Amino acid sequence: MLQLKQITKVFNEGTLDEKVALKHIELSLQPGDFVTIIGSNGAGKSTLMNIISGRLAPDTGEVVIDGKDVTTMSEHDRARYIGRVFQDPMAGTAPNMTIEENLAIAYNRTVKRTLRFGVTKKRREFFKETLATLQLGLENRLHAKVGLLSGGERQALSLLMATFTKPHVLLLDEHTAALDPARAKLITDLTKQIVETNRLTTLMVTHNMEQAVQLGNRLIMMDGGQIIFEASGEEKKKLTVASLLQEFQRIRGSQFASDRAVLV
Amino acid sequence: MITALFSSVEAGLLYALMALGVYISFRVLDFPDLTVDGSFVTGAAVASVLIVGGVNPFIASLAALGAGFFAGCATGLLHTKGKINPLLSGILMMIALYSINLRIMDKPNVPLLQQETVMTIITKAFQRFDQALATIFPFVPKTWAIIVFGMFLVAVVKVVIDVFLKTEVGLALRAVGDNKKMIASFSGNTDRLTMIGLGLSNALVAFSGALIAQYSGFSDIGMGIGMIVIGLASVIIGEALFGAKTIVRATLAVIFGAIVYRIVITLALRVQFLETGDVKLITAMIVILALVVPQMVAARAEKQRKARKRGAAVASTQADYESV
Numbered sequence: 000m001l002q003l004k005q006i007t008k009v010f011n012e013g014t015l016d017e018k019v020a021l022k023h024i025e026l027s028l029q030p031g032d033f034v035t036i037i038g039s040n041g042a043g044k045s046t047l048m049n050i051i052s053g054r055l056a057p058d059t060g061e062v063v064i065d066g067k068d069v070t071t072m073s074e075h076d077r078a079r080y081i082g083r084v085f086q087d088p089m090a091g092t093a094p095n096m097t098i099e100e101n102l103a104i105a106y107n108r109t110v111k112r113t114l115r116f117g118v119t120k121k122r123r124e125f126f127k128e129t130l131a132t133l134q135l136g137l138e139n140r141l142h143a144k145v146g147l148l149s150g151g152e153r154q155a156l157s158l159l160m161a162t163f164t165k166p167h168v169l170l171l172d173e174h175t176a177a178l179d180p181a182r183a184k185l186i187t188d189l190t191k192q193i194v195e196t197n198r199l200t201t202l203m204v205t206h207n208m209e210q211a212v213q214l215g216n217r218l219i220m221m222d223g224g225q226i227i228f229e230a231s232g233e234e235k236k237k238l239t240v241a242s243l244l245q246e247f248q249r250i251r252g253s254q255f256a257s258d259r260a261v262l263v
Numbered sequence: 000m001i002t003a004l005f006s007s008v009e010a011g012l013l014y015a016l017m018a019l020g021v022y023i024s025f026r027v028l029d030f031p032d033l034t035v036d037g038s039f040v041t042g043a044a045v046a047s048v049l050i051v052g053g054v055n056p057f058i059a060s061l062a063a064l065g066a067g068f069f070a071g072c073a074t075g076l077l078h079t080k081g082k083i084n085p086l087l088s089g090i091l092m093m094i095a096l097y098s099i100n101l102r103i104m105d106k107p108n109v110p111l112l113q114q115e116t117v118m119t120i121i122t123k124a125f126q127r128f129d130q131a132l133a134t135i136f137p138f139v140p141k142t143w144a145i146i147v148f149g150m151f152l153v154a155v156v157k158v159v160i161d162v163f164l165k166t167e168v169g170l171a172l173r174a175v176g177d178n179k180k181m182i183a184s185f186s187g188n189t190d191r192l193t194m195i196g197l198g199l200s201n202a203l204v205a206f207s208g209a210l211i212a213q214y215s216g217f218s219d220i221g222m223g224i225g226m227i228v229i230g231l232a233s234v235i236i237g238e239a240l241f242g243a244k245t246i247v248r249a250t251l252a253v254i255f256g257a258i259v260y261r262i263v264i265t266l267a268l269r270v271q272f273l274e275t276g277d278v279k280l281i282t283a284m285i286v287i288l289a290l291v292v293p294q295m296v297a298a299r300a301e302k303q304r305k306a307r308k309r310g311a312a313v314a315s316t317q318a319d320y321e322s323v
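Sequence order for the protein chains is A and B.
So the first sequence is numbered by numbering that gives the first Met the number 0: it starts at 0 and just counts up by one.
So the second sequence is numbered by numbering that gives the first Met the number 0: it starts at 0 and just counts up by one.
Honestly, I wouldn't trust all of these hints.
Said to hold, decoys possible - Cut-off 25 Å, straight-line C-alpha distance, at most; resulting in silico cross-link-like pairs (DSS-like, lysine-lysine):
id: 1; chain 1: A; residue 1: K144; chain 2: B; residue 2: K180
id: 2; chain 1: A; residue 1: K67; chain 2: A; residue 2: K18
id: 3; chain 1: B; residue 1: K141; chain 2: A; residue 2: K144
Unchecked claim - Beta-carbon label-pair distances, calculated as ranges:
id: 4; chain 1: B; residue 1: V292; chain 2: A; residue 2: A181; range: 54 to 64 Å
id: 5; chain 1: B; residue 1: E274; chain 2: A; residue 2: K120; range: 17 to 27 Å
id: 6; chain 1: A; residue 1: A143; chain 2: B; residue 2: E301; range: 23 to 33 Å
id: 7; chain 1: B; residue 1: V292; chain 2: A; residue 2: A143; range: 51 to 61 Å
I should point out that these hints are in silico values taken from the structure, not numbers from a laboratory.
Quantities reported herein were computed from a predicted structural model and do not represent experimental measurements.
Backbone N, C-alpha and C define an ideal beta-carbon position, used for all residues, glycine too.
Given the sequences, and given the hints that come with them, work out the whole structure.
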């Protein structure tokens, strides 16, 4: 579904600030894989996400989605294959537009935009049904401006908008990190439910180790621009936060350093 | 006095098209586009030169619309592909258009007084109607033609904008002004959308310029100076007076804003102390007031609200003491 071949990215090459963000990353996701990524600060998680989504171009290597090499494809063209939810709940929606207008924009991720109305009667029904699955009552507020929603509601809407058109690959970039614990749990549960029902191929970056252990069928640990540990299947199921931390210390010989990591 | 007000409504309607253009760039795209000062004249110049050359004035006006579209796209190109800051892209295009406009007109001023223009054609077609109205109304303007034509034209343009902003492309365009990162993640080509938006905006501005040239009987290289501020004044006054909750309401507000602006200027110029040359200063003052006064009103209301709350809190603590 998603293949990364020998991805390397260096920032500020040839200067004193040179930073190798990614070193020869190899990763292959099967259809339906749900991979969680953890790692200390500056491990290259965000860079990896940006390279897959097309915000950044890799120095070397290829990004392949569904057998198609998309390495040089622009961000907006690539978006036809990729659904994304950002860390900032404000980033994934347009605040001055209504809920239904936001959904209409998301609907056009895979379909070319025309001069037909964005919100039609038929689509409104569809939007209502889809929103109802969130169980937040948003289906009754189709005409409310998204800026009026709470952070949790906005993030739930962002998640829905990124997924209801069934992307080939779903990228979740610490999408619960900016929410309070109750909201974070809500979004985590929704994520689990949506990914499972739609069998979406998903890549999720998280700082919450508990979340990384609980969700998904594969787990990747990154450090210094490399994948240093990987677990899947039965091995992944047996993982605990404590065993992960031990693993990290064994490999790196140092403490897991992240000021934002939530360990429990 | 009434005649002066009447003609300020006429002009206001024609300028409203320009204001709607500014609304698209300034509010919908969130792009303060200074191209307007140049593209307004481009529209006037293209239309005038074509009319003098014998082209049908309606077609000449549409050609002006097209010229404005290209000017706007050029600004968009500077910003998106050239990565130049929005204000600077507009200024560069504005200054470039000054020379281009001179080239189009070949001189700083093209008179249209002896020419057949959209205005003369409409007025002629309205003769009968005018005569009929003259018997009903005690007040007799030169003609009702321009006001009726202006209303019709502005209404059509308004409805087209309202509908367009609800289409799939229109929604994407609004999202560019609202959240660029978001629309890019939903397959929106922000560069292309910005160019289309600025093109449409300046098309309206140039169209307005073409009509104003025909209305006032000349086009002049200096007629666009400060046009962006007039456009902003119309948008801001309109929104302050009539609200901007929905698109339909906002576009209507902008149209009324353009008319109110003209009326205010007309009234201001009747003050003995002020001269015609003061118009730009008055315009700047109006915009400043329209921007500052609502803030001050809001701050005052907030202060009063807090004072009330504090009063209530003090009263309740006193009550507590007394009960103890």
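Hints versus structure:
The suggested pairing of K144 (chain A) with K180 (chain B) holds, with an alpha-carbon distance near 18 Å, which does not exceed 25 Å. At most 25 Å may separate the alpha-carbon atoms for a hinted pair to count; K67 (chain A) and K18 (chain A) exceed this at roughly 29 Å. About 47 Å separates the Cα atoms of K141 (chain B) and K144 (chain A), which puts this hinted pair outside 25 Å; it is violated. For V292 (chain B) and A181 (chain A), the Cβ-Cβ distance of about 42 Å falls outside the hinted range of 54 to 64 Å, so the restraint is violated.
In this structure the hint that E274 (chain B) and K120 (chain A) lie 17 to 27 Å apart at CB is violated, the actual value being about 58 Å. Our hint of 23 to 33 Å for A143 (chain A) and E301 (chain B) holds, since their Cβ atoms are close to 25 Å apart. With their beta carbons about 29 Å apart, V292 (chain B) and A143 (chain A) fall outside the hinted range of 51 to 61 Å.
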